[in-house]
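Trainee: One letter stands for each residue in the lines below.
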Amino acid sequence: MLPDAKIPEGPMADKWDNHKFSIKLVNPANKRKFRVIIVGSGLAGASAAATLGELGYNVDLFTFHDSPRRAHSIAAQGGINAAKNYRNDGDSIYRLFYDTVKGGDYRSREANVYRLSQVSVDIIDQMVAQGVPFAREYGGLLDNRSFGGAQVSRTFYARGQTGQQLLLGAYQQMMRQVAEGKVRLFTNTEMLDVVMKDGEAAGIVYRDLITGEIGSHSAHAVVLATGGYGNVFYLSTNAMACNVTAAWRAHRKGAHFANPCYTQIHPTCIPVSDEFQSKLTLMSESLRNDGRIWVPRNNDESRPPGQIPESDRYYYLEEKYPAFGNLVPRDVASRNAKTVVDEGKGIGPLKNGVYLDFAEAIQRDGADVIESKYGNLFQMYERITAEDPYSIPMRIYPASHYTMGGLWVDYNLMTSIPGLYCTGEANFSDHGANRLGASALMQGLADGYFVLPYTIGDYLAPKLNQEPVSTDDPVFTQAEQETKDQVDRFMSMGGSRSPDYFHRELGKLVWDNIGMARNSTGLENVVGEIKALQSEFWSDLRIPGNPETVNSSLEKAGRVADFFELAELMARDALDREESCGGHFREEFQTPEGEALRNDEDFAHVSAWAWQGPDTPQVKETEELTFEEVELTQRSYK
Amino acid sequence: MSQMLSLKLKIWRQDGPNDKGRFADYNVSEIPDDASFLEMLDILNEQLIEKGDIPIEFPHDCREGICGTCGVMVNGRAHGPEHGTATCQLHMRKFANGDTIVIEPWRARAFPVVKDLIVDRSPLDRIIEAGGYVSAPTGTATDANETPIPKDVAESAMDAAACIGCGACVAACPNSAGQLFTSAKVWQLNSLPQGQPERHRRVEAMVETMEQFFGSCTNHGECTEACPKEVPQDFIAYLNRDYMKAKVANRRMASR
Chain A
18 MLPDAKIPEG
28 PMADKWDNHK
38 FSIKLVNPAN
48 KRKFRVIIVG
58 SGLAGASAAA
68 TLGELGYNVD
78 LFTFHDSPRR
88 AHSIAAQGGI
98 NAAKNYRNDG
108 DSIYRLFYDT
118 VKGGDYRSRE
128 ANVYRLSQVS
138 VDIIDQMVAQ
148 GVPFAREYGG
158 LLDNRSFGGA
168 QVSRTFYARG
178 QTGQQLLLGA
188 YQQMMRQVAE
198 GKVRLFTNTE
208 MLDVVMKDGE
218 AAGIVYRDLI
228 TGEIGSHSAH
238 AVVLATGGYG
248 NVFYLSTNAM
258 ACNVTAAWRA
268 HRKGAHFANP
278 CYTQIHPTCI
288 PVSDEFQSKL
298 TLMSESLRND
308 GRIWVPRNND
318 ESRPPGQIPE
328 SDRYYYLEEK
338 YPAFGNLVPR
348 DVASRNAKTV
358 VDEGKGIGPL
368 KNGVYLDFAE
378 AIQRDGADVI
388 ESKYGNLFQM
398 YERITAEDPY
408 SIPMRIYPAS
418 HYTMGGLWVD
428 YNLMTSIPGL
438 YCTGEANFSD
448 HGANRLGASA
458 LMQGLADGYF
468 VLPYTIGDYL
478 APKLNQEPVS
488 TDDPVFTQAE
498 QETKDQVDRF
508 MSMGGSRSPD
518 YFHRELGKLV
528 WDNIGMARNS
538 TGLENVVGEI
548 KALQSEFWSD
558 LRIPGNPETV
568 NSSLEKAGRV
578 ADFFELAELM
588 ARDALDREES
598 CGGHFREEFQ
608 TPEGEALRND
618 EDFAHVSAWA
628 WQGPDTPQVK
638 ETEELTFEEV
648 ELTQRSYK
Chain B
219 MSQMLSLKLK
229 IWRQDGPNDK
239 GRFADYNVSE
249 IPDDASFLEM
259 LDILNEQLIE
269 KGDIPIEFPH
279 DCREGICGTC
289 GVMVNGRAHG
299 PEHGTATCQL
309 HMRKFANGDT
319 IVIEPWRARA
329 FPVVKDLIVD
339 RSPLDRIIEA
349 GGYVSAPTGT
359 ATDANETPIP
369 KDVAESAMDA
379 AACIGCGACV
389 AACPNSAGQL
399 FTSAKVWQLN
409 SLPQGQPERH
419 RRVEAMVETM
429 EQFFGSCTNH
439 GECTEACPKE
449 VPQDFIAYLN
459 RDYMKAKVAN
469 RRMASR
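Residue numbers (this note's numbering), protein chains in the order written: chain A, 18 to 655; chain B, 219 to 474.
It should be emphasised that the hints constitute simulated quantities derived from the structure, not laboratory data.
By construction, the Cβ of each residue, glycine as well, lies at the ideal position given by its N, Cα and C atoms.
Just to be clear, a hint being listed does not mean it is correct.
[Claimed, not checked] Quick partial rundown of chain B residues pointing at chain A, CB under 7 Å, derived from the structure:
1) I229
2) K333
3) P341
4) D343
5) N363
6) L410
7) P411
8) Q414
9) M462
10) A464
[Stated by the list, open to error] Computed cross-link-like contacts, BS3-like style, restricted to lysine-lysine with a CA-CA straight-line distance of at most 27 Å:
11) A:K390 <-> B:K369
12) A:K390 <-> A:K23
13) B:K312 <-> A:K368
14) A:K501 <-> A:K525
15) A:K119 <-> A:K48
16) A:K525 <-> B:K369
17) B:K228 <-> B:K312
18) A:K50 <-> A:K214
19) A:K37 <-> A:K48
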């Protein structure tokens with residue numbers, strides 16, 4: 018049974034304050050009697066570890082990286098939103114809340130989003146105090162820029178490396194607690210299972226990625242801050258090691274997995290160039306401010322772009338959406354790129370992209386102005402493609418970027434397993450069916466700095482003077498044995514294919530059928546195709562070497578095994594949701610103009626899937642979404 | 219369309235920290251010149267697995283030059299021939315058909331080899347732990363705009379903060395010194411108003427932790443040359459000056 022979401026009573030603006038007052042506290046001297054495990058060292062994990070350590074809790078932090086500073090939050094480019102209203106342009110907590118609920122196509126939980134907007138202002142204060150070198154004006158005050166889906170400038174940034182600077186700020190704050198002895202670091206250590214005792218989270222099973230040792234840690238509570246599952250598409254803007262394993266293994270132990278079909282495809286990435294491509298690189302959304310997107314009108318066009326006259330160019334966004342033009346939201350831009358490429362109008366050697374053309378902007382403003390705005394991006398593009406975007410239009414195409422779905426959590430960020438929390442991209446709660454730009458960093462830090470450190474006390478307080486379950490307990494020895502059995506099974510399979518081979522093939526199925534546009538036929542068929550490939554995986558996999566040392570093939574095998582199960586659930590969730598909303602576009606459900614058509618009557622709910630065992634499909638349970646503040650409307654960008 | 223390259227690779231193989239290690243030769247062909255350097259290693263590994271051989275372990279993750287995980291010596295140069303570029307952003311079009319490429323792990327006493335091309339860079343975390351932070355517990359901060367910071371100061375702090383912690387500076391240095399990494403963090407925090415209260419304590423603790431692991435700086439300048447973020451060498455001069463001032467200031471404080 019899906020637990021209650023524990024949304025506090027009272028007016029929206031008072032809910033969080035009321036809640037903080039009504040939940041139980043652990044007194045300062047007693048905090049040292051508790052141990053908390055945090056898995057993941059990105060923004061959500063590092064900020065929580067630092068804050069819990071400062072409060073006096075004992076924290077064990079696990080990361081599979083060689084250093085906590087490598088977590089993928091570091092790659093975020095654009096910025097972080099906060100309702101500071103430093104521009105005096107009419108921003109407010111309410112407006113950020115409203116934009117986020119609307120941007121999510123009315124599929125997020127209002128109370129969580131309101132709280133996120135409230136604490137957004139504290140995040141900027143905290144990060145400046147940590148020495149984060151945000152961009153500034155000549156007067157010495159903080160600079161802002163505007164971002165998609167908002168009519169105000171509320172985005173704070175540090176060049177094109179905002180994620181890096183915020184992550185390093187949180188990492189450094191955490192390293193101070195490591196020096197103080199309040200946080201113990203376990204690097205090169207991958208969590209492979211959640212251990213339960215009497216229905217509550219008791220600890221984790223891990224594999225040491227250097228020695229191959231499999232062991233356990235126990236604590237009073239466990240926090241998963243393990244990021245999103247965008248790598249289920251194989252090719253994505255995620256780092257190579259990003260995976261769903263921690264969240265998925267918690268799901269297998271009883272945590273509900275919510276809205277897995279909500280995935281964000283970012284419109285401006287560099288297209289695939291060959292079969293061996295390992296990842297896709299994002300070109301910041303900000304480029305659409307000056308670049309014009311087009312494809313040739315003629316499918317057989319063979320002239321270089323500069324020689325194609327205006328009359329033979331199809332500026333499809335400008336033609337279809339005269340009001341917003343090239344600045345339509347991410348989901349709309351992505352879908353339209355797919356449409357023209359599917360029609361055979363794609364450009365580039367593989368006919369798999371669209372042009373993002375700066376010729377007019379350069380003629381209007383001069384190359385130096387464009388360079389000052391986008392120089393670092395143009396350079397990155399040139400490194401990867403060997404083409405000069407000052408003279409040849411960029412080639413772009415959408416790619417998997419972020420996942421809004423994740424483990425279901427209540428208002429306290431606790432999953433449906435008591436004592437197991439989930440923060441950051443790994444949970445489902447704040448972005449609905451589509452995330453706005455510059456809101457991922459905000460959510461990770463809100464959860465870790467300002468939400469979890471309060472709410473976790475409510476669970477811990479009654480456990481005062483109870484020791485964590487011993488790792489000698491049979492629940493741990495059994496879970497370790499199951500993990501060892503899986504390793505042994507991988508090592509002894511003796512097939513012929515690498516985990517990357519299966520991951521790549523799975524990614525193609527997911528991209529073609531559960532990508533930017535979905536339909537019932539494709540979704541019904543792909544379940545069978547996933548299962549067929551999955552059984553091939555479990556019989557024809559080859560893991561060379563031995564498990565008692567660094568063995569990246571073995572690491573990947575476990576992650577790919579979980580991606581198979583997730584992909585199947587994504588397909589079934591997408592099939593079940595008979596509407597289009599945000600990043601979930603069902604071709605059967607669109608307006609006459611081809612826009613996403615929601616069905617609020619039947620689908621204004623969270624789909625939370627409950628594990629039923631390895632051979633039985635998950636069962637859907639629902640959390641109804643009620644909207645007290647925001648009126649549900651059809652989004653239009655014409 | 220991509221040109222296809224055939225290459226001869228000499229790659230360092232080492233089973234673990236206690237293994238002596240050796241170079242192994244590999245011939246690869248049909249490498250698209252649009253591929254990245256790490257994708258070239260992916261292709262080789264895929265072939266090794268198919269043949270039943272053990273693939274090469276190499277450090278990598280984000281593959282967009284920001285996480286700092288990757289980094290190998292390519293023909294004796296940290297991160298390879300392209301200036302200001304991490305290994306993952308290096309592309310095969312920088313090489314010619316028929317080239318021999320020598321690939322080794324970072325070579326430094328502070329960075330023992332874990333396996334093949336992977337080294338242990340945890341001493342860099344120890345330096346941050348010693349003082350590479352501002353002590354500002356969550357919830358204590360005042361409004362972000364209360365302390366204006368001149369734009370030039372913020373920009374210069376950002377130049378230093380751009381360091382990705384890959385360790386190429388150490389690998390490129392003939393003394394395996396850690397000064398460029400340490401000075402980048404010291405410059406960032408010690409030049410900002412938020413860093414002032416702990417300024418002297420920070421630089422003393424970070425430098426003395428650094429010296430437990432790394433060699434001494436003798437101003438070769440190889441570090442900046444190898445740095446994928448082109449962190450300038452003059453931060454090291456600032457580090458030395460600030461360290462001297464801190465020693466005096468901290469002694470004076472102690473004698474009070």
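Trainee: It remains to establish, for every hint, whether it holds in the given structure.
Mentor: Verification of the supplied hints:
1. I229: With a closest approach of 15 Å, the I229 (chain B) hint is violated.
2. K333: Result: holds, 4 Å to nearest chain A Cβ.
3. P341: violated (10 Å)
4. D343: Given a least distance of 5 Å, the restraint on D343 (chain B) holds.
5. N363: Hint on N363 (chain B): holds, closest Cβ of chain A at ~5 Å, below 7 Å.
6. L410: holds (5 Å)
7. P411: violated (9 Å)
8. Q414: violated (10 Å)
9. M462: violated (22 Å)
10. A464: violated (17 Å)
11. A:K390 <-> B:K369: Distance of about 17 Å is within 27 Å: holds.
12. A:K390 <-> A:K23: violated (45 Å)
13. B:K312 <-> A:K368: holds (25 Å)
14. A:K501 <-> A:K525: violated (30 Å)
15. A:K119 <-> A:K48: Since the Cα atoms of K119 (chain A) and K48 (chain A) sit roughly 39 Å apart, the hinted pair is violated (cutoff 27 Å).
16. A:K525 <-> B:K369: This hinted pair is violated, its Cα atoms lying about 47 Å apart.
17. B:K228 <-> B:K312: The given pair, whose Cα atoms are some 17 Å apart, holds under the 27 Å limit.
18. A:K50 <-> A:K214: holds (20 Å)
19. A:K37 <-> A:K48: holds (17 Å)
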